[in-house]
Amino acid sequence: MLSERRLEVLRAIVQDYVGTEEPVGSKALTERHRLGVSPATVRNDMAALEDEGYIAQPHTSAGRIPTDKGYRLFVDKLAGVKPMTGPERRAIQNFLNGAVDLDDVVGRTVRLLAQLTRQVAVVQYPSLTRSTVRHVELLSLAPARLMLVLITDTGRVEQRMIDCPAPFGETSVADLRARLNSRVAGRRFADVPPLVQDLPDAFETDDRGTVATVLSTLLETLVEETEERLMIGGTANLTRFGHDFPLTIRPVLEALEEQVVLLKLLGEAGDSGMTVRIGHENAYEGLNSTSVVSVGYGSGDEAVAKLGVVGPTRMDYPGTMGAVRAVARYVGQILAES
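According to the numbering used here, the sequence shown is numbered sequentially starting from 64.
Derived by calculation from the structure, the hints in this document are not laboratory data. Honestly, I wouldn't trust all of these hints.
[To be verified] Restricting the straight-line Cα-Cα distance to at most 30 angstroms, the calculated cross-link-like pairs of lysine-lysine (DSBU-like) are:
id	residue 1	residue 2
1	Lys140	Lys327
2	Lys90	Lys145
3	Lys145	Lys132
4	Lys140	Lys90
5	Lys90	Lys132
6	Lys145	Lys327
7	Lys90	Lys327
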């Protein structure tokens with residue numbers, strides 16, 4: 064266990080390095096921070112931190128920089144989440160409140176996160192596997208053609224055209240719409256199939272083929288939309304950090320193009336807590352020089368998806384964590400009110 068003084072020295076090194084982009088020396092630390100000890104004592108503390116692997120000397124200068132291990136300890140023990148100011152919170156709320164549909168919410172969230180953090184923003188669409196059915200709309204377009212509209216509690220809207228095996232009257236459409244919603248509204252997707260399997264039996268023989276076709280389309284929609292989607296923005300922000308990546312930002316850019324990689328980085332959607340993965344904690348080699356800060360968002364107590372940012376390990380962790388958490392909270396409120 065590190066002493067409180069050495070923890071303070073580590074905190075000061077991280078803060079100075081993030082702020083100045085320059086390796087930090089003992090003289091600068093004693094001048095900038097009230098550590099209450101001599102430069103010689105600070106040098107001894109820095110030597111101990113280096114021996115423990117929390118800081119390293121990048122080249123032959125007197126300065127030191129944090130390692131992944133040092134950032135990890137900083138995040139776990141030393142960094143509070145920086146709260147957003149009142150004007151910042153109002154700006155977030157006003158920007159997101161103008162969204163007209165789920166795609167707009169996700170698009171605005173990506174742009175906002177990238178602007179607030181000056182990192183790469185990643186937002187996962189609400190997972191349909193964790194969603195519930197808000198409403199099923201059934202519209203007659205022609206005597207033997209229907210449109211099925213599935214609306215989820217997270218604001219996703221899926222539309223399907225259905226060619227019926229026989230004409231299906233308006234009365235039958237209204238009856239099927241009412242029966243469907245009485246059974247599936249408010250229910251999890253996974254719970255729907257057994258709830259509707261006997262519905263054809265409630266209709267006249269001539270209509271049963273159409274009812275079965277509608278149900279088949281509905282169930283296919285519930286299944287096929289389980290593929291996760293995400294949106295990414297602010298990739299150009301990485302160019303500001305070229306010197307933070309050992310050789311080139313190309314491996315980072317290539318990793319960001321892999322949706323499967325990004326979904327794994329964000330983690331399980333049901334985990335709503337804040338997650339910070341630093342450097343080599345990211346299993347994908349191309350992202351070993353980055354950190355990922357993510358958190359779950361949702362319309363209730365359970366997260367339906369994740370959002371977060373990707374940036375260099377030399378990151379303002381308190382500010383980034385605060386921004387990610389605040390944006391997630393507002394997105395959740397919008398989904399709950401939509």
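### Query
For the pair supplied as a hint, Lys90 and Lys327, is the alpha-carbon distance within the 30 angstroms limit?
violated, 42 angstroms
### Task
Sort out whether Lys145 lies within 30 angstroms of Lys90, counting only the CA atoms.
Distance of about 28 angstroms is within 30 angstroms: holds.
### Query
Is the Cα-Cα distance between Lys90 and Lys132 30 angstroms or less?
holds, 23 angstroms
### Task
Would you check the hint for Lys140 and Lys327, treating anything up to 30 angstroms between C-alpha atoms as holding?
Cα-Cα ~25 angstroms, so holds.
#### Entry: Restraint status (C-alpha distance of Lys140 to Lys90 at most 30 angstroms)
holds, 25 angstroms
#### Entry: Pair hint Lys145 and Lys327, alpha-carbon separation not exceeding 30 angstroms
holds, 26 angstroms
### Task
Take the C-alpha atoms of Lys145 and Lys132, compute the straight-line distance between them, and say whether it is at most 30 angstroms.
holds, 21 angstroms
Comparing the model with each earlier hint shows a violation of hint 7 alone; every other hint is respected.
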